[in-house]
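Enquirer: In order, the protein sequence lines correspond to chains W and Z.
For reference, each letter of the first sequence is one residue, going 31 to 364 in the working numbering.
For reference, each letter of the second sequence is one residue, going 3 to 301 in the working numbering.
Derived from the structure by calculation, the hints contain no laboratory data.
By construction, the Cβ of each residue, glycine as well, lies at the ideal position given by its N, Cα and C atoms.
Check the hints yourself; a few may be wrong.
Unchecked claim - Just the calculated beta-carbon pair ranges, DEER-fashion:
1. Z:292 / W:91: 47 to 53 Å
2. W:115 / Z:259: 25 to 31 Å
3. Z:198 / W:88: 27 to 33 Å
4. W:75 / Z:84: 41 to 47 Å
5. W:35 / Z:71: 55 to 61 Å
6. Z:76 / W:184: 51 to 57 Å
7. Z:84 / W:36: 58 to 64 Å
8. Z:262 / W:34: 50 to 56 Å
To be verified - Over 10 Å on every C-beta distance to chain Z, these chain W residues come out as not near it, computed from the model:
9. 81
10. 102
11. 115
12. 180
13. 199
14. 200
15. 221
16. 285
17. 299
18. 321
Listed below are the residues making up each chain.
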Amino acid sequence: MGTYVVRRLAWMILVVLGMTLITFAITHMIPADPAKIAAGLGADASAVEKIRQELGLDLPLPEQYLFYLKNLLRGDLGRSILTSRPVLDDIKDYFPATLELTVLSMVVTMVLGVFLGILSALQQGRLVDNVTRLFATLWVAMPVFWFALMLQILFYGKLEWLPPGGRIGETVSPPPHVTGMFTLDSLLTLRFGTLGNALVHLILPVTAVALTRVAEVARITRSSMLEVLGVDYVRTARAKGLSEKVVILRHALKNASLPIITTFGLQFGYLLGGTILVESIFQWPGMGRYAVLSITSVDFPAVIGVTVVASFSFVLVNLGVDLTYRFADPRIRY
Amino acid sequence: MISQDSSAADSSEVQSLMPVHRRRARFRVRGNELAILGAVVVVALVLLAIFGPRLAPYDPYKLSFTEKLKQPSQDHWFGTDEAGRDIFSRVLHGTRISLRVAAIVVTIAAGIGVTLGTVAGFYGGWVDDIVMRVADVFMAFPGLVLAMAVSAAVGASIEAAIVAVSFVWWPVYTRLTRGQVLAIREEVYVQAARSIGASDGRIMMRHVLPNIFSVLLVRMTMDIGYAILYTSSLGFIGLGAQEPMPEWGRMVATGRRWILDHSYYSTFPGVAIFITVLAFTWLGDALRDWLDPRMRYGQ
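Could you put the whole structure together from the sequences, leaning on the hints where they help?
Expert: Right, dumping it as structure tokens:
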């Protein structure tokens with residue numbers, strides 16, 4: 031196990047280095063001169079030159095890459111042109127909102143997906159199974175951003191049941207800052223009114239993001255469960271009179287869980303992408319909205335900053351997924 | 003895995019008396035009503051992409067300020083937009099744009115991916131290591147996030163979206179091709195070709211690639227749908243097609259400004275994306291069942 035973790039971490043460092051190389055290449059692909067952009071409109075040639083030196087843009091490319099790496103290690107992602115603050119500070123403000131939305135969507139996706147998948151496998155060929163499979167077939171083709179808009183039209187525009195967007199009602203004051211995630215913070219400070227309000231605001235964005243992935247998780251759970259339900263030890267468990275609940279949860283699901291855990295890592299990437307698309311629709315002040323705002327104002331350091339942070343968290347989640355295998359299946363020895 | 007539903011079990015005796023090819027045919031048709039529907043819709047979409055602009059009742063770019071934001075009616079089936087342009091005509095034109103963009107993306111991604119994957123799988127060793135590790139790094143990015151960064155760097159336009167999505171997509175083909183090539187490399191006919199002195203290039207082109215063609219075709223068909231989903235997402239966040247191009251994702255985004263009073267504006271382009279992606283995934287499923295015998299009973 032120990033050597034595996036070390037090997038896996040070493041590989042992760044290589045992947046992250048590769049990622050920085052790619053993002054560095056992207057930063058140097060921009061047709062516009064970053065020094066000119068950073069200097070602002072109407073800056074004279076000497077000012078641009080000074081900034082070029084400050085940003086290390088006058089150095090040869092390999093040195094520029096080292097410069098870029100050094101800055102990254104110090105957490106320096108550059109300065110946002112839009113907000114004129116360090117990009118990292120901006121991201122610190124926006125990240126908790128995105129994390130809250132992504133984690134909650136993840137929970138809904140996994141719980142609902144695994145539940146529907148099990149139900150579908152147990153009721154193979156019956157109504158639940160057919161409806162789940164139809165849903166799965168339809169939802170792979172669903173544009174998240176459009177589905178989110180339709181939810182907004184229906185539940186805010188027509189029915190007026192739910193707020194159109196934002197993290198919390200205008201008349202409600204946000205909970206004291208602990209983690210930056212409103213639900214968790216209001217829970218920690220025991221403000222249940224605020225918690226309810228924050229949850230109501232989460233319903234539409236979470237539904238929009240999660241539903242598009244539920245179908246996929248349900249499909250994988252179903253096929254994994256079907257495979258396991260047909261094997262000897264499940265028959266033995268039933269034969270020795272164990273309750274159906276124990277057979278399904280302890281014997282079948284545990285053994286069917288590897289593909290489900292694998293999909294967890296992948297889904298995180300999709301959900302992150304979905305969140306970025308959905309945030310701007312629901313005025314959710316997260317990284318996605320920040321990214322879209324920076325894109326429209328050609329704020330390049332911000333776009334790259336978001337890319338770096340989002341990609342690193344994706345790598346971390348996948349590392350976690352790999353390490354979890356050991357616990358899901360004790361036969362796996364590293 | 004053979005289908006285990008009760009109707010199949012009831013008729014298993016009858017089926018076992020049928021000639022094998024008839025049984026196969028029954029399986030195929032029964033599992034594939036959706037696939038046939040998908041195929042029909044794809045053909046219809048391709049025809050629309052070719053002839054749509056001629057069928058469109060109005061010029062999709064023609065401004066008409068007296069006709070601004072009109073609800074759907076007999077004159078304008080899908081209503082009109084903020085500049086009085088006919089949304090139905092714009093959605094029709096969008097078919098050509100989306101299909102063309104998706105076809106280019108899939109061709110570029112598959113072109114790069116299959117070439118690298120074939121070389122990696124065929125030669126193995128350090129070539130394989132380098133190619134696959136680079137592919138791994140690309141796959142370690144969340145797809146949309148990387149596409150967003152590339153697109154922002156190249157400059158927001160439909161061409162940028164094409165570059166960005168292809169840039170993100172090629173490793174999928176590399177991995178798929180390499181896996182297939184690894185298996186085929188050991189086949190007797192490849193050994194035979196090698197023993198009579200065929201060059202590596204000839205073996206790859208004449209013996210290896212034709213044998214993985216069906217797998218690639220299935221993947222490419224499905225990916226046309228997903229490429230539309232991706233490029234329209236970029237269009238939606240302002241990184242793909244720009245106004246006034248009638249690209250579906252862009253149209254949904256513009257329609258947002260009037261979403262509560264004129265919900266039809268964003269609705270129809272979105273439906274177009276949904277139906278198109280759906281049709282291509284269903285067709286991809288059907289092709290897989292037809293072309294890959296191992297998957298034939300897989301439903």
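Enquirer: Could you work out which of the previously given hints the structure breaks and list their numbers from low to high?
Expert: 3, 6, 12, 17, 18
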